[in-house]
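All chains, please: the whole structure from these sequences, using the hints.
Every letter in the sequence shown is one number past the one before it in UniProt numbering, and letter 198, counting from 1, is 198.
Calculated from the structure, these hints are not laboratory results. Here the structure is a predicted model, which means the values were calculated and not measured. Incorrect hints may appear among the rest.
To be verified - Heads up, simulated EDC-like pairs for lysine to aspartate or glutamate below, C-alpha to C-alpha not over 16 Å straight-line:
no.	residue 1	residue 2
1	K103	D180
2	K23	E48
3	K23	D180
4	K23	D43
Claimed, not checked - Derived Cβ-Cβ restraints for the label pairs, each shown as a range:
no.	residue 1	residue 2	range
5	F94	A25	16 to 26 Å
6	G33	W152	30 to 40 Å
7	T172	L195	21 to 31 Å
8	P202	H113	38 to 48 Å
9	P153	E102	13 to 23 Å
10	D118	D198	35 to 45 Å
All residues carry an ideal CB built from backbone N, CA and C; glycine is no exception.
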Amino acid sequence: MNITPTRLNRGDTLVLATHNRGKIAEFAALLAGYGIRVVSAGDLSLPEPEETADSFTGNAAIKAIAAAEAANLPALADDSGFCVAALDGAPGVFSARWAGPEKNYPDAMRRIHDQMGDTPDRSAWFISVLCLAWPDGRTETFEGRIDGHVIWPPHGENGHGYDPIFAPGSGTRSFADMSDVEKNTISHRALAFALFRDTCLPATA
Numbered sequence: 001m002n003i004t005p006t007r008l009n010r011g012d013t014l015v016l017a018t019h020n021r022g023k024i025a026e027f028a029a030l031l032a033g034y035g036i037r038v039v040s041a042g043d044l045s046l047p048e049p050e051e052t053a054d055s056f057t058g059n060a061a062i063k064a065i066a067a068a069e070a071a072n073l074p075a076l077a078d079d080s081g082f083c084v085a086a087l088d089g090a091p092g093v094f095s096a097r098w099a100g101p102e103k104n105y106p107d108a109m110r111r112i113h114d115q116m117g118d119t120p121d122r123s124a125w126f127i128s129v130l131c132l133a134w135p136d137g138r139t140e141t142f143e144g145r146i147d148g149h150v151i152w153p154p155h156g157e158n159g160h161g162y163d164p165i166f167a168p169g170s171g172t173r174s175f176a177d178m179s180d181v182e183k184n185t186i187s188h189r190a191l192a193f194a195l196f197r198d199t200c201l202p203a204t205a
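Written as structure tokens, this is what we have:
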């Protein structure tokens, strides 16, 4: 009787089901020290599946399952988004689409600013859902969320996406003002990753 794995082992290969260089760099830093060989969907020339779900969990599963089936390897996908209270949670699951095919996040951030107008409610949050898919079709999901507020104008040279207009908590420093180490301690993706780590990763060396 074969026992299917529930945890990755040192020496295993894990596919990151993304072509986003920012996410690849962030996950590479998070996965360092676990003895896992990491390759991206871009490295393997895997196509990007259409994200047709109406939730972060659904879209993460679509990406992870597609990569796991195509590569015949376990695959980890992230679906994350920036949610603004004054915009009824938009852009939310459409965060990447707001940036368009050219990934023009400065325009997307300007759109958020313009649509918010002078509303006093600046509250916003990031959500990240990680999905680990195995080649046999099993999946496990982990969700992280961090609350904060929209700041304007954008500032900071680090991070990616909407990081320059989001300050966690009641602070004034944006995610883009923070070093990778600082952000990876508190971010939505770090919180989801901690749950994934405790469930699915081997002990560090």
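Against the structure, the hints come out as follows:
{"no.": "1", "hint": "K103 to D180", "result": "violated, 21 Å"}
{"no.": "2", "hint": "K23 to E48", "result": "holds, 15 Å"}
{"no.": "3", "hint": "K23 to D180", "result": "holds, 12 Å"}
{"no.": "4", "hint": "K23 to D43", "result": "holds, 14 Å"}
{"no.": "5", "hint": "F94 to A25: 16 to 26 Å", "result": "holds, 24 Å"}
{"no.": "6", "hint": "G33 to W152: 30 to 40 Å", "result": "holds, 37 Å"}
{"no.": "7", "hint": "T172 to L195: 21 to 31 Å", "result": "holds, 29 Å"}
{"no.": "8", "hint": "P202 to H113: 38 to 48 Å", "result": "holds, 44 Å"}
{"no.": "9", "hint": "P153 to E102: 13 to 23 Å", "result": "holds, 21 Å"}
{"no.": "10", "hint": "D118 to D198: 35 to 45 Å", "result": "holds, 43 Å"}
Hint check: a violation occurs at hint 1 only; the rest are consistent with the structure.
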